[in-house]
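Visitor: Chains as they are written, first to last, in this note's numbering: chain D, 53 to 483; chain G, 253 to 552; chain E, 5 to 323.
For the record, the hints were derived by calculation from the structure and aren't laboratory data. Just so you know, these numbers come straight off a predicted model, no measurement behind them. Mixed in with the good hints there might be a few duds.
Said to hold, decoys possible - In silico lysine to aspartate or glutamate, DMTMM-like type, Cα no more than 25 Å apart, as pairs: (1) D:K106 - G:D345; (2) D:K216 - G:E313; (3) D:K482 - E:D85; (4) D:K125 - G:D345; (5) D:K301 - E:D184; (6) D:K301 - E:D175; (7) D:K106 - D:E134; (8) D:K482 - E:E89; (9) G:K456 - G:E442; (10) D:K401 - D:E111; (11) D:K106 - G:E313; (12) G:K441 - E:E318; (13) D:K106 - D:E335; (14) D:K106 - G:E442; (15) D:K106 - G:D494; (16) D:K199 - D:E230.
Stated by the list, open to error - Stretches of chain E that chain D covers, calculated by requiring three or more beta carbons in the stretch to come under 8 Å of a beta carbon on chain D: (17) 74-80; (18) 152-160; (19) 173-183; (20) 262-272.
Glycine is no exception: its CB is placed at the ideal position from the N, C-alpha and C atoms.
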Amino acid sequence: MTELDRRRFLQLTGITLTAAGLAACAGTGSSEDAGEDGPVESLTMWSNHPGESKPVETELLDAFTAETGIAVKLVTAGATYEEVAQKFNAALSGGELPDLVVASDVTWFNFALNEAITPMNDLWSAADLDVDGYVESLVSDYEFDGKNYALPYARSTPLFYYNKQMWAAAGLPDRGPETWAEFAEWAPRLASANPGIPPLALPDGSNYLDWHFQGMIWTFGGAYSDEWTPTFTSPESLEAGQYLQDQFKQGHLAINNDPNSVFGAGQAASLLQSTGSLGGLSETAGFDFGTAFLPGPPPGCPTGGAGLAIPQRISDERKEKAMELLAFLTNTENTITFTQATGYMPVRKDAVDDPATQTFLEERPNARTALEQLDVTQSQDYARVFLPGGGARIGAALDRITIGGEDVQTVFGELEEESTTVFERDIEPKL
Amino acid sequence: MTTVAPRPETDAAPRRGTHADTAPHQRTSPLSRVGGYLGLLLVVVLVALPLYWILVTALKERPDIYTVPVTWLPDPFTSDNFQAVGTGVSFTDYLRNSIIITTVLTVVEVTLGVLSAFALSFLRFPGRTLVLLFVIASLMVPNQVTVISNYALVAQLGWRNTFTGIIVPLAGVAFGTFLMRNHFLSLPKEIIEAAEMDATGPVKMLWRVVLPMSWPTLIAFTLITIVNEWNQYLWPLLMADDSSTAPLPVGLAQLQDTAGLTNWGPVMAGTVITMLPILVIFLLLQRHMIKGLTAGAVKG
Amino acid sequence: MSAAPVTAPVPVPPSEGPTRVRRSANPPGNRRRDLLIAAAFLVPNLVLLAVFTYRPLLDNIRLSFTSWNISSPTASFIGFDNYVEWFTSDSSRQVLWNTVVFTGSAVIGTMVLGLVLALLLDQKLFGRNAVRSLVFAPFVLAGAAVGVAFQFVFDPTFGLVQDLLARMGIDAPQFYQDPDWALFMVTVTYIWKNLGYTFVIYLAALQARRVELDEAAEIDAASTWTKFRQVTWPQLRPATFFLLITVLLNSFQVFDVISVMTRGGPLGNGTTTMVYQIYQETFVNQRAGYGATVATIMFLALLVITLVQVRVMERGRES
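The following block holds chain D by itself, in its conformation from the complex:
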């Protein structure tokens, strides 16, 4: 196979480009700063401001500038994680790279695999970062091959929301179901006590059903994959798929494009959604709702959300400063500020124990559930977050067995095959 240089294409087809300009760019990233040999005076951070966080991000960055004298430019790099990734990919083709970029659970790995973001472990020691202070499961989400490529920032998990009135009407205790089997028992009672209202609302495959089902499949002993080997067709995984299909057929769960709004309008008795929806639902819902761990056994709950990464192709000085900024943004005090402003999980353990957090949680018992659930969360399976397009692929399959009513074994069998193909074609040669 001939290796064709991507940049060579641009040179050949470009009309005015000089080879020198391109070559220079490949190494330095930021052409504005390429000429600066002196100390780093400014940094750039790309964010989509998850959780409507622009004001708090600005506040934290200003504080950093006040402390260090380094100005930080906050760039709105898109409305979604996908758009940020798109802008970052464009920059990789020969533009100015940011110093810090938001990367989601499904976008960071490809950047790492293609050496677009830098392994951080050496930078940590240089910056005297206390890694052990972070919540371990959240840090290990960004670990591959013994190296860490990002630190947790705007992190969320799924959460079980339930409508207390409807729960009471069905004579259920004021808690979430402990197991999915218990949910199956409760669902008919909920349905008959609240006619016309589905017991549980879930998003469809285009809206991250695959994320919520990740936890469900674990509780049955199954998984999407064991490292790179897909395990969709293991008996346990198939059982989980069958459970989802049965519950859907029995009308125990409604699959919807916008389950948040359905639940918020009192049109579903319970909801699986991100902890990131907590703030919005508290404002929207005109009724009393509770939150609970995801059903088990034991509670099956994946992590999610986004971290902050540092590009590979910027100078070492910039990397060090970017690390300093990253450490600042996620220090105890600022973690508390960010968490309280957005509703995301605190990424540091001492932020959880801090009195300020405790007071905050006392007033918000629902936020406490989300936080306590953090102890039982696990990193997601490779087949969803590392395989390119994994989430969409699994989501489509889950659509097919629920709203499509197709045979679980057939669909999961195809899913397994596709995942294997993608791994062998797109990942294996790069490992």
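With chain D fixed as given, assemble chains G and E onto it according to the hints.
Guide: Just chains G and E now, with coordinates in the frame of chain D:
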């Protein structure tokens, strides 16, 4: 009015001009007028309902947005969403950028489009058909294909986060060239021929003969160009880094919370605010789609 | 790019032929002048198109023969593998079908409705200007807002359609979950949003038409339909041909409505059209080489379709 003596089009012109004021349809029967109004009503209902929802959502408080059954009127009315757009976002900066980008692009594109179309319609040169095809075929390249490659080029030129970088790559005009050429070819032959007999120079012919008969199409071209450029999102998002160059759609993107539950009120308020200036321009220009014709023909 | 003379009736050689370019009477000196002026008028535009559309297109065609991860600095040459994959894959058949159904419906829908509305609002009716703005307004909207607004039309819980049908005792279709209904939903939304485009072009054409012909028909006391068919319609033919081509090209490349409303789902490919597939493969599946292949195939398909249309159009103009 004239430097070119015989003006054959003055024969036709006043009659063409009569259209706006004394449209023949005025004499249609009462029955078809009733049909007209019924049709109008249907259009209003079908087109207006989703628009109404956008407006009304912008005026609702958050819990009021998603309810069952849906509420047709905000209760209470709130202007908070509009204030949120005004305070949370450097709104005036984005608005200024949008105006700059749209104005420059519209002027450039309309000029280039008219000139190109004129050359392709009235001037003879070898390869004309191929040039036309070259122009039209560029409409077949989706911007998902062009952005990455153009980004690399523009970044090399050092135009990132500048108006130049946003504007220049968008300035080529294919749609408008095609539209205007199509219109020019439909102009009455006798008038064009007469103008040529006079050995009018091409520039004079364009300005004095062709354009005065083209206002409605030219205005349609202008309107569509304004709309397209006003709503540009992907390219400015890649190019712009801050409120010194980013236009409104990019600036308003930060109102959407994709990880949690988007508060649609401010998003809809932003949409309404973004849309209004263009609607005003439409209202102003669409009148000239009629009047312009008369005036042009008389002055021409 | 094909060098085929697509518009045979148009005389390209300057010296001969019966000509629609009505300068044949001019002395030869004018031909050089024509060429110079044409160059001055055309070159800026052509350069912009060449640099910012065709250069990326060439880049894209080269990349279609590679395996390239969008985040990687290198692409490896793999010959026609991507093409073979696209033409043999089941999902491309569905994507193609979705694109054809969507495009066909959008072209017919926006053109027929746009024409009817333009005819209606060409008349002197009370409130005409306000309604014209109303029809144009959706065209001005951003994609995200349209997606949300139409949730209130089609949503099975909040939607107006659901509400209306429930009043008649009918269950609403699952617009977001049944692939056929989902495709219907995005098509209707697209038509609603883009009606303003065909409307404005038709309106402009109606305003520019030759009124004396209408008046002649008035005197003949022809029926409304006969008048439309014999007098108005022939004059709208250029606008119609223009719209056929541009609406087809635009709707073939639909992206924002689908990205906002369904993300190409349900069931994975329920509403995935070719441009959405390009996006999905390039940026989500990180197979930019394969995405480039889909884009190249799409470009060639559109080129062929348009060449046929242009030929028909030029022939129609001749007759």
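Visitor: Flag every earlier hint the structure violates by its number, smallest first.
Guide: Checked against the structure, the hints that fail are numbers 14, 16, while the rest are satisfied.
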